[in-house]
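> Sequence:
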Amino acid sequence: MTSTAPDTITMFGADWCRDCIRTKKQFDDLGIEYTYVNLVDEPAAADVAKELSGRTNIPVVVYPDATHHVEPSDDDVATKLRELSLI
0 MTSTAPDTIT MFGADWCRDC IRTKKQFDDL GIEYTYVNLV DEPAAADVAK ELSGRTNIPV
60 VVYPDATHHV EPSDDDVATK LRELSLI
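Numbering (numbering that gives the first Met the number 0), first residue to last: 0 to 86.
Treat the hints as calculated values from the structure; they're not laboratory data. Bear in mind the structure is a predicted one, so any value in this text is a computation, not a measurement. Mixed in with the good hints, there may be bad ones.
[Said to hold, decoys possible] Distance windows between CB atoms, simulated:
no. : residue 1 : residue 2 : range
1   : P42       : E70       : 29 to 37 Å
2   : S84       : W15       : 30 to 38 Å
3   : L29       : T66       : 12 to 20 Å
4   : T7        : S72       : 31 to 39 Å
5   : T78       : A43       : 29 to 37 Å
Even for Gly, the Cβ is constructed at its ideal location relative to N, Cα and C.
Could you put together the complete structure from these sequences and hints?
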């Protein structure tokens, strides 16, 4: 079963999800390292994402400080990355 590493960003998503595609692009454009868990390839990981977020919406982005976002906007992600001194 997939779990999150404490010192990295983990994103649970699917390639058909527009919000997931947008958030992945934001991380890639900013040069942010992250672990991408594709729920199509690892359907059991959906349970992990739901347990973390309490919701079934994606993407679920888990940060190194153990906080998370569900379906974050670009501004939400950028604010959190600044808070973590990653950008």
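> Of the numbered hints stated previously, which ones are contradicted by the structure, given in increasing order?
Per hint list: 1 and 4 violated.
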